[in-house]
Amino acid sequence: KEVSMYKGGILIRKFNSSREAGKFAVENGICSYGWCGRSLKTEKVTIPKKDFPIWGCLFTYEDAKIQLRKG
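All you need for our numbering is the position in the sequence shown, starting with 1, plus 140.
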């Protein structure tokens, strides 16, 4: 499934899969791979940690956003 990353309600980037999104998040100091999955499941934004200082990003499946807009 396609995944989108938002910060402050603004689309930052799209990914082809959750694996790709998780890898990007870890490499760019956003969150751990597990937190990316948690954000996808719970719709919670990332929080700052020692190794991941960038916070406030939301990862969501693109088809979920489409359903929300239509519903």
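If you are wondering where the hints come from, they were derived from the structure by calculation, not from laboratory data.
Errors might be hidden in some of the hints.
Derived SDA-like pairs: lysine to any residue, alpha-carbon spacing no greater than 20 Å straight-line [claimed, not checked]: (1) Lys154 to Lys190; (2) Lys190 to Tyr201; (3) Lys154 to Gly196; (4) Lys189 to Asn156; (5) Lys189 to Glu202; (6) Lys154 to Trp195; (7) Lys154 to Ser172; (8) Lys184 to Ser158; (9) Lys184 to Ser172; (10) Lys184 to Gly174; (11) Lys141 to Lys189; (12) Lys189 to Val166; (13) Lys141 to Glu202; (14) Lys163 to Leu198; (15) Lys190 to Asp203; (16) Lys190 to Gly169; (17) Lys190 to Glu202; (18) Lys181 to Glu142; (19) Lys141 to Gly177; (20) Lys190 to Ser172; (21) Lys163 to Thr200; (22) Lys189 to Lys154.
Do the alpha carbons of Lys141 and Gly177 lie within 20 Å of each other, as the hint requires?
The given pair, whose Cα atoms are some 13 Å apart, holds under the 20 Å limit.
Pairwise hint evaluation, Lys154 against Lys189, where the allowed Cα distance is 20 Å at most:
The hint is violated at about 23 Å.
Taking 20 Å as the top limit, are the C-alpha atoms of Lys141 and Lys189 close enough?
violated (27 Å)
Compare the distance between the alpha carbons of Lys184 and Ser158 with 20 Å, and conclude whether the hinted pair is satisfied.
Distance of about 15 Å is within 20 Å: holds.
Given pair status - Tyr201, Lys190, alpha carbons within 20 Å
Given that 20 Å is the threshold and the Cα spacing comes to 27 Å, the pair is violated.
Is Lys163 close enough to Thr200, meaning Cα to Cα at most 20 Å?
holds (15 Å)
Does Glu202 sit within 20 Å of Lys141, going by the straight-line distance between their CA atoms?
Within the cut-off at roughly 7 Å; holds.
Taken at face value, is the distance from the CA of Gly196 to the CA of Lys154 at most 20 Å?
holds (16 Å)
20 Å Cα cutoff - pair Lys190, Glu202:
violated (29 Å)
Hint consistency between Lys163 and Leu198 [alpha-carbon to alpha-carbon, up to 20 Å]
The given pair, whose Cα atoms are some 15 Å apart, holds under the 20 Å limit.
Between the alpha carbons of Lys189 and Val166, is the straight-line distance 20 Å or under?
Within the cut-off at roughly 12 Å; holds.
Can the restraint linking Lys184 and Gly174 be considered satisfied, given a maximum Cα separation of 20 Å?
Roughly 13 Å between the alpha carbons, so the hint for Lys184 and Gly174 holds.
This entry does not satisfy hints 1, 2, 4, 5, 11, 15, 17, 22, going by the numbered hints stated previously.
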